[in-house]
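Chain A is already provided as a structure; the job is to place chain B on it using the hints.
Chain residues, written in single-letter form:
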Amino acid sequence: MPLELQHWSMHSHSALFCEVRVNTVTGETLVSRFLGSFDCGRILNAKTAASQFRGGIIMGLGLALMEEVLFDERTGRIMNPSLAKYHVPAHLDVPEIDVIWTDEPDPHAPAGTRGIAEIGITGVGAAVANAVFNATGKRVRDLPITLDKLM
Amino acid sequence: MRWIVNRREVEREVDVRTSLLDLLREHLHLFGAKKGCNQGACGACTVLVDGERINSCLALAVQYEGREITTVEGLGAPGSLHPLQQAFVEHDGFQCGYCTPGQICSAVGMAAELRKGMPSYVNEDLDAEAIPLSHDELRERMSGNLCRSDAA
Chain A
1 MPLELQHWSM
11 HSHSALFCEV
21 RVNTVTGETL
31 VSRFLGSFDC
41 GRILNAKTAA
51 SQFRGGIIMG
61 LGLALMEEVL
71 FDERTGRIMN
81 PSLAKYHVPA
91 HLDVPEIDVI
101 WTDEPDPHAP
111 AGTRGIAEIG
121 ITGVGAAVAN
131 AVFNATGKRV
141 RDLPITLDKL
151 M
Chain B
1001 MRWIVNRREV
1011 EREVDVRTSL
1021 LDLLREHLHL
1031 FGAKKGCNQG
1041 ACGACTVLVD
1051 GERINSCLAL
1061 AVQYEGREIT
1071 TVEGLGAPGS
1081 LHPLQQAFVE
1091 HDGFQCGYCT
1101 PGQICSAVGM
1111 AAELRKGMPS
1121 YVNEDLDAEA
1131 IPLSHDELRE
1141 RMSGNLCRSD
1151 AA
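Chains as they are written, first to last, in this note's numbering: chain A, 1 to 151; chain B, 1001 to 1152.
Warning: the hint list may mix true and false statements.
[What the hints assert, rightly or not] Just the calculated beta-carbon pair ranges, DEER-fashion: (1) Asn45(A) <-> Glu1013(B): 41 to 51 angstroms; (2) Arg21(A) <-> Gly1066(B): 47 to 57 angstroms; (3) Tyr1121(B) <-> Glu19(A): 43 to 53 angstroms.
Just so you know, these hints were derived from the structure itself, not from any lab. Ideal Cβ placement from N, Cα and C applies to all residues, glycine included.
Isolated chain A (complex conformation) (with noise of 0.2 angstroms):
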């Protein structure tokens, strides 16, 4: 382990942002905006970067509204062990994604660096969730958030 990490914690952070609409009939959840911001120490490549947040987002999005694995009680089986059934974020189901970053080096990392990848997942639940309230008074607190929840 890297002297550093025994005596600093390294953590990176972002704030969220997200607009959802909820069909009043059928209770189906689209996301029309977002915008994540993050303080991930120094950027090394934006293009690559950008990607990773974006992608983590997309993701974030499928973990909010759509993916669940379900298991047959009976058997302990997967009853949805294909993409058809499992379902992911497809091109449609992801709106503009806006993001932004500090860059502002790690004093205590040897490049200034610190990871991004799944910094962009987490905390997108949650802005799914605080928009879904927002727009129709339900606090959903498992996830996905499916259109039988907000009915």
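Just chain B, lined up with the frame of chain A:
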């Protein structure tokens, strides 16, 4: 049986049950088109037949005898990429790359569909002369190609 694959005529004797995808991968050793789900859900196997995009995993090779099939290998070559391949590189349109051949073939097929004025789910005016190239239009038309890296 004969096919024209990437502008070259090929001849193979294959089982009639062979899918077009298996013909391309197992018999012609063109590994660009991927076998993602093998049931038409993911789009990783998308190829062009006479310029139209299809899921090659759901097509039998015999159905396409004599037809012109284009895989990602036939679109461009290193040093002379297809404009869409170049765009994917320039805009960082992929991460692991598994879905990329399907995404690119699908996008080429989509461009042809747009030129022909084929309507889609998000078209508001089906009688319109030309289809506006909006983000939603592109998103809807590319939704048959999944990307687990969420990069494409």
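Quick check: which numbered hints come out false for this structure? Checked against the structure, the only hint that fails is number 3, while the rest are satisfied.
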